[in-house]
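Sequence lines, in order, name chains A and B. Taking the working numbering as reference, the numbering of the first sequence is continuous, increasing by one, and the terminal residue is 372. Taking the working numbering as reference, the numbering of the second sequence is continuous, increasing by one, and the terminal residue is 264.
Treat the hints loosely; a few may be bogus.
Here's a subset of chain B near chain A, in silico, CB distances under 10 Å, partners left out [said to hold, decoys possible]:
| id | residue |
| --- | --- |
| 1 | E79 |
| 2 | H82 |
| 3 | Q83 |
| 4 | A161 |
| 5 | L184 |
| 6 | M188 |
| 7 | P228 |
Below, a list of computed lysine-lysine pairs in the DSSO-like style, where the Cα atoms sit at most 27 Å apart [what the hints assert, rightly or not]:
| id | chain 1 | residue 1 | chain 2 | residue 2 |
| --- | --- | --- | --- | --- |
| 8 | B | K172 | A | K99 |
| 9 | A | K85 | A | K24 |
| 10 | A | K85 | B | K172 |
Since the hints were made in silico from the structure, they are not lab data. Quick caveat, the model's predicted, so the values are computed rather than measured. All residues carry an ideal CB built from backbone N, CA and C; glycine is no exception.
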Amino acid sequence: MKREDPPVILDSKHLGLLLESLKKSGYLTVGPTVRDGAIVIDEIDKVTQLPVGLTDTQEGGTYRLQSRKDAAFFAYNVGPHSWKKFLFPPEQRLWTLKKNGTKFQFVDIADNTTRYAFIGVRACELQAMSIQDRVFQNGHFQDSHYMNVRKNIFVVAVNCTQAGGTCFCTSMGTGPEADTGYDLALTEVITGSLHYFVVRSQSRNGAKVLEALPHKPATAAQLKTANEMIAQAEHEMGRSLKTHNLKTLLYENYEHPHWEAVASRCLTCANCTMVCPTCFCSTVEDVTDLTGENAERWRKWDSCFSQEFSYVHGGSVRVSAKSRYRQWLTHKLGTWVEQFGTSGCVGCGRCITWCPVGIDITEEVRRVTNGK
Amino acid sequence: MPAKPDAGTPGKKKPKLAVWKFASCDGCQLSLLDCEDDLLAVAGAVEIANFPEASRAVVKGPYDVSLVEGSITTTHDAERIHQVRRASKFLITIGACATSGGIQALRNFQNVDDYVSIVYASPQYISTLKTSTPIDEHIHVDFELRGCPVNKHQLIEVLNAFLNNRKPNIPKHSLCVECKRKGLPCVMVAQGIACLGPITQAGCGVLCPSYNRGCYACFGPMETPNVPSLMDWLEQLGVDKADIVRALQTYNVNAKAFRKGSLA
Ligand code: SF4
Ligand code: SF4
Ligand code: SF4
Chain A
1 MKREDPPVIL
11 DSKHLGLLLE
21 SLKKSGYLTV
31 GPTVRDGAIV
41 IDEIDKVTQL
51 PVGLTDTQEG
61 GTYRLQSRKD
71 AAFFAYNVGP
81 HSWKKFLFPP
91 EQRLWTLKKN
101 GTKFQFVDIA
111 DNTTRYAFIG
121 VRACELQAMS
131 IQDRVFQNGH
141 FQDSHYMNVR
151 KNIFVVAVNC
161 TQAGGTCFCT
171 SMGTGPEADT
181 GYDLALTEVI
191 TGSLHYFVVR
201 SQSRNGAKVL
211 EALPHKPATA
221 AQLKTANEMI
231 AQAEHEMGRS
241 LKTHNLKTLL
251 YENYEHPHWE
261 AVASRCLTCA
271 NCTMVCPTCF
281 CSTVEDVTDL
291 TGENAERWRK
301 WDSCFSQEFS
311 YVHGGSVRVS
321 AKSRYRQWLT
331 HKLGTWVEQF
341 GTSGCVGCGR
351 CITWCPVGID
361 ITEEVRRVTN
371 GK
Chain B
1 MPAKPDAGTP
11 GKKKPKLAVW
21 KFASCDGCQL
31 SLLDCEDDLL
41 AVAGAVEIAN
51 FPEASRAVVK
61 GPYDVSLVEG
71 SITTTHDAER
81 IHQVRRASKF
91 LITIGACATS
101 GGIQALRNFQ
111 NVDDYVSIVY
121 ASPQYISTLK
131 TSTPIDEHIH
141 VDFELRGCPV
151 NKHQLIEVLN
161 AFLNNRKPNI
171 PKHSLCVECK
181 RKGLPCVMVA
191 QGIACLGPIT
201 QAGCGVLCPS
211 YNRGCYACFG
221 PMETPNVPSL
231 MDWLEQLGVD
241 KADIVRALQT
251 YNVNAKAFRK
261 GSLA
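Looking at chain A on its own, in the form it has when it is part of the complex (with noise of 0.2 Å):
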């Protein structure tokens, strides 16, 4: 249930106890961390874990981490991670069969039962998070495995004061302000000596937690500071897109020559897919140990860049790289809309950064739609 509180200051030192508090309701506490040489998403038990003091410079096909002058503890943009590996995680087991006599017995599965709190999830994420919901609690089509992970969460957003190099949330409406679906919603001020978390409260859960936590009411000053670095976050957006008429932009152009550019030039590796917070697809595996006694059906992270992906009797339905490239395109930002209701895209930039060869999601759709 959406409901919202007035907003509360804590202070930064108490950011702690948010987690242990989270912790002591049972809450496995994910979020934030430094490993080889990234923010990545993690298991966190305390504060120290966070990416503190630091921040990053993004462009495509580069990331790196930089050190700030404060001890910000969010102060960076979006990494490799993002929260759907809790929720749809990248090797999955299905279910389990043993084979008794000359039938095939199923041997449940016990339900992922883990409550897991996301702590730092960014405006772009929540909508991400809304859009996977669509793919897998679709009326009739409920994917369990999903919806049993996703039913338990707590989430502690994180508006963003600061955007990154390929961020480009305001073109597509999802940031840099969590508007739905957390329990909270930290602002994270810093002037001079004051550090302070502006927080809302969106949930029963949310308004729980924070009642047990030292916090005072927000001033009017304090509430304008922190709109005032969100819109900061605005103002520096690292990219852009032109969204308006786009999927009839996009399909009119389904045979423009930039889409041969950009093949040659992608290297069909998938990093794209992996790393961004909707992409879906899956492959299943079935394995047999050595006596075909036992059997197992494995879920998989998969990617309409692998060729795999399209393969039916004879061969794969997109051979070529462009085929590929603009598929996934198309699909995200397209055919998308009618499958789903909404676009693919979030605006994250993690399919810029984390391309190997820095091909820009903003800069092709441009070229594609000659700059309509």
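Go by the hints and put chain B with the ligands onto chain A.
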């Protein structure tokens, strides 16, 4: 596909497995020995009829399944591989040597006679072909398993699939897919380290990027490798053209995409 072999059903004959060696370092055969617990299961499911690395005992053919390691570098081997084919119902090549010609295929880029005399004290005893070629240039191969050496889980998977008459789960997509499923931040994007992962077939378990190193393409080209594009990008990253070429000219130098890329 041959008829389903009887996988370890008591009282029934077990399928006969043979392992063959051509020009190679034995590393792939050792991967089979390295399977430890799984090897016992394999030994339970098949009759190991010929496996020089493990035992000197040889059981006469024909064999239900043959694993072939190594490339063809001599006239003698070029004939022997036909005998192996004739004696094998299902033939699987294992490793970079058998599937692309191996590191020894570097000779394909030179004139062998020019350096035989430099390398060997008595070159008159050396009888060798001018090229090192993969097995499938000589005979029909039923399945190719990549790697230098092959990955033991993939090796078991291929045998397992054969024994259970199903398709092996051996993807041909890029290493990047495996890298991302593992949750590793890309070493090229985050650290500027040259990585051949995007043009390399998955399967190794992402060994090098897991240790913050770039991929060396031991598993050979992925299904649709765009070598020129990656080469351009690596040059932009500041890698010397000569170093990029050298990176392509290793275990899978003779694989078409790498050969072409390295000669461009
Ligand atoms: S398409 Fe790219 S920018 Fe859009 S949501 Fe996916 S990764 Fe982010
Ligand atoms: S667009 Fe980039 S990340 Fe995506 S498949 Fe092509 S090269 Fe890989
Ligand atoms: S580290 Fe290498 S294998 Fe992994 S995503 Fe980057 S380029 Fe691909």
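Hint by hint, here is what the structure shows:
1. Checking E79(B) against chain A by beta carbon gives a least distance of about 34 Å; that is not within 10 Å, so the hint is violated.
2. With a least beta-carbon distance of about 30 Å to chain A, the hint placing H82(B) at the interface is violated under the 10 Å criterion.
3. Restraint check, Q83(B) versus chain A: the minimum CB separation of about 28 Å is more than 10 Å; hint violated.
4. For the restraint placing A161(B) at the interface with chain A, the shortest Cβ-Cβ distance is roughly 8 Å, inside the 10 Å limit, so the hint holds.
5. Taking 10 Å as the C-beta cut-off, the interface hint given for L184(B) holds, the closest approach to chain A being about 7 Å.
6. Residue-level restraint check for M188(B) holds (minimum Cβ-Cβ distance to chain A is 5 Å; threshold 10 Å).
7. A cut of 10 Å between beta carbons decides the hint on P228(B): the least distance to chain A is about 8 Å, and the hint holds.
8. Annotation: proposed proximity of K172(B) to K99(A) is violated, straight-line Cα distance about 30 Å (limit 27 Å).
9. A distance of roughly 24 Å separates the Cα atoms of K85(A) and K24(A); the hinted pair therefore holds under the 27 Å criterion.
10. Restraint check: the Cα-Cα separation between K85(A) and K172(B) comes to about 23 Å, which is no more than 27 Å; the hinted pair holds.
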